[in-house]
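Asks: Next come the chains, spelled out residue by residue.
Protein chains: 2
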Amino acid sequence: MRHFSVELEELNQSLLQMGGLVEQSIRRAVQSVVEREKEVAKQVMRDEERVNQMQLEIDASTTRLLALNQPVARDLRRLTAILKINTDLERMGDLAVNVAERAISLANRPRLKAMVDIPKMASLTESMLLRSLDAFVKGDADLATSVLTSDNEVDALRDAVYDEMVALMQREPMAVPGAVDLMFVARNLERIADHSTNIAEDVIFLVKGEDVRHHHSHSVPLA
Amino acid sequence: MRHFSVELEELNQSLLQMGGLVEQSIRRAVQSVVEREKEVAKQVMRDEERVNQMQLEIDASTTRLLALNQPVARDLRRLTAILKINTDLERMGDLAVNVAERAISLANRPRLKAMVDIPKMASLTESMLLRSLDAFVKGDADLATSVLTSDNEVDALRDAVYDEMVALMQREPMAVPGAVDLMFVARNLERIADHSTNIAEDVIFLVKGEDVRHHHSHSVPLA
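Quick mapping for you: the protein sequence lines, in order, are chains A and B. The first sequence begins at 146 in the working numbering and counts up by one. The second sequence begins at 146 in the working numbering and counts up by one.
Any given hint could turn out to be false.
Which copy is meant is left open, so a pair is good if it fits within one copy or across any two.
What the hints assert, rightly or not - Quick list of in silico lysine-lysine cross-link-like pairs, DSSO-like style, CA-CA up to 30 Å:
| # | residue 1 | residue 2 |
| --- | --- | --- |
| 1 | K183 | K258 |
| 2 | K183 | K353 |
| 3 | K258 | K229 |
| 4 | K353 | K258 |
| 5 | K283 | K187 |
| 6 | K283 | K183 |
| 7 | K265 | K229 |
| 8 | K258 | K283 |
| 9 | K187 | K353 |
| 10 | K229 | K283 |
| 11 | K183 | K265 |
| 12 | K183 | K229 |
| 13 | K265 | K187 |
| 14 | K229 | K353 |
| 15 | K283 | K353 |
Calculated from the structure, these hints are not laboratory results. Values in this document were obtained by computation on a predicted structure and should not be read as measured data.
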C-alpha cells in the first residue's frame with residue numbers, strides 16, 4: 146500500500162484541479178452574460194460533465210482512503226473536510242451552469258442597460274473561491290476569515306441588483322423577463338459565494354479545531 | 146465503549162428528529178406565505194437555531210464514531226451518508242427561513258390573487274422529504290427512486306409559477322415586488338426538493354452500492 150501522506154497529497158491536487166475548473170466556469174458564465182456570448186455559455190454547460198466526473202472520483206478516493214487507512218484526529222478531519230469541499234465545488238459548478246443558461250436567455254432578448262453590479266459581484270465571488278482554496282492548501286485561518294468578510298459585501302451587491310431590477314421592471318414592462326434573468330444571475334453568484342464561505346468555515350475548523358459555522362456575523366440572505 | 150450498532154441507531158434517531166424539525170419549518174413557512182401569518186414566519190426563524198445546533202451535534206457524533214470505531218464497508222458508507230444528509234437537512238432549514246422572510250415581506254404588501262401552484266409545490270416538496278428520510282431508514286431504493294421522479298414535477302410547477310409571475314409583473318407594475326417574492330418562494334421550494342433528491346441519491350448509493358448522482362434524467366433548473 147502506498148504511503149497515506151502521498152495519497153492525501155494527490156487528493157489535495159485533484160481537489161485544486163477541480164477548483165480551477167469550477168473557477169473557470171464561473172468566470173466564463175459571467176463573461177457570457179456581460180458580453181452576450183452564447184458559445185461561451187455552451188462551453189460552461191459542456192464542462193459540467195467533467196466537474197461531475199471529478200466529484201465522483203474525489204468522493205471515491207476519499208472514501209477509499211478513509212476505509213483503508215482509518216485515520217484519526219487531524220488526518221480524519223482533513224478527509225471529512227475534503228468530502229465537504231468536494232460537494233461545495235460541484236454545487237458551484239451547477240450554479241455556474243445556471244448563470245450560463247440565463248446568459249443564453251438574455252442574449253436572445255434586447256440588451257438591458259443596467260448591469261453595473263454584476264461584474265463587481267462576479268470578481269469578488271471568484272476571489273472568494275480562490276482565497277478559500279488557497280486557505281485550505283496553506284491551512285491559513287486568517288485568509289479563510291477574509292472570505293467570510295467578503296460574503297457580506299456580496300450580499301450587499303445582490304441587494305443593490307435586486308432593487309435596481311425591481312425599479313426597472315416597474316418602469317418598463319417589456320424589460321421584465323430580462324430583469325428576472327439578471328436577478329437570478331445575482332442570486333446564483335451570491336450562492337456561489339456562500340459555498341466559498343462554507344469552504345472557508347471548514348478551513349477554520351480544520352486549523353483551529355473549532356466550529357465557526359452558525360457563529361460568525363452573517364447577513365441573512367433574503368431569497 | 147458502547148456497542149457501535151447502538152450508537153449508530155442513536156445517530157439515526159437524531160437525524161430523523163432533525164428531519165422532523167426541518168419538515169415542520171418548511172410546512173410553517175409555506176403556511177405563513179399562504180395565510181399571511183407573520184407570527185408563524187417568525188417561529189420558523191426562531192427554530193433555525195435548534196436546527197443548526199442539531200447539525201453540529203450530529204456532525205460531531207458522526208466524526209467521533211468514525212474515529213473511534215474505524216468502520217469499513219457498509220457501516221462506513223452509512224456514516225458518510227449521514228454526514229451528507231445532515232448537511233442537506235441544515236440547508237433545507239436555511240431555505241425554509243428564506244421562505245419565511247419572503248412571507249413577512251408579502252404580508253406587508255397588498256394581497257396578490259395568484260398563488261395556485263405554491264401550495265401544490267409545497268405539499269409535493271414535503272412529501273419528498275418524508276419519503277427520502279423514510280427510504281433512508283428502511284433502506285428502500287424504490288421509495289428513494291420515487292423521490293427523483295417527483296423532483297421533475299416540482300421543476301414543472303416552478304416553471305409555471307415563474308411564467309405566471311412574469312405575466313403578472315408585465316400587466317401590473319404595482320405587483321412587481323410581491324411577484325418577485327413569490328418567484329423566490331418557488332425557487333426556494335425547488336431547492337428544498339433538490340436536497341431531498343440528494344438524500345434519495347445517497348440512499349440508492351447506500352442500498353445498491355452504485356452512484357446514481359449525475360446519471361438519472363433530471364430536468365435542468367433554469368435559475
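Asks: Give a verdict on every hint.
Replies: Hints and how they fare:
{"no.": "1", "hint": "K183 / K258", "result": "within (19 Å within a copy, 37 Å between copies)"}
{"no.": "2", "hint": "K183 / K353", "result": "neither (44 Å within a copy, 40 Å between copies)"}
{"no.": "3", "hint": "K258 / K229", "result": "neither (39 Å within a copy, 42 Å between copies)"}
{"no.": "4", "hint": "K353 / K258", "result": "neither (46 Å within a copy, 52 Å between copies)"}
{"no.": "5", "hint": "K283 / K187", "result": "neither (34 Å within a copy, 41 Å between copies)"}
{"no.": "6", "hint": "K283 / K183", "result": "neither (37 Å within a copy, 46 Å between copies)"}
{"no.": "7", "hint": "K265 / K229", "result": "within (28 Å within a copy, 33 Å between copies)"}
{"no.": "8", "hint": "K258 / K283", "result": "neither (42 Å within a copy, 54 Å between copies)"}
{"no.": "9", "hint": "K187 / K353", "result": "neither (41 Å within a copy, 34 Å between copies)"}
{"no.": "10", "hint": "K229 / K283", "result": "both (18 Å within a copy, 25 Å between copies)"}
{"no.": "11", "hint": "K183 / K265", "result": "within (21 Å within a copy, 35 Å between copies)"}
{"no.": "12", "hint": "K183 / K229", "result": "neither (32 Å within a copy, 35 Å between copies)"}
{"no.": "13", "hint": "K265 / K187", "result": "within (23 Å within a copy, 33 Å between copies)"}
{"no.": "14", "hint": "K229 / K353", "result": "both (17 Å within a copy, 22 Å between copies)"}
{"no.": "15", "hint": "K283 / K353", "result": "within (13 Å within a copy, 38 Å between copies)"}
Hint check: violations occur at hints 2, 3, 4, 5, 6, 8, 9, 12; the rest are consistent with the structure.
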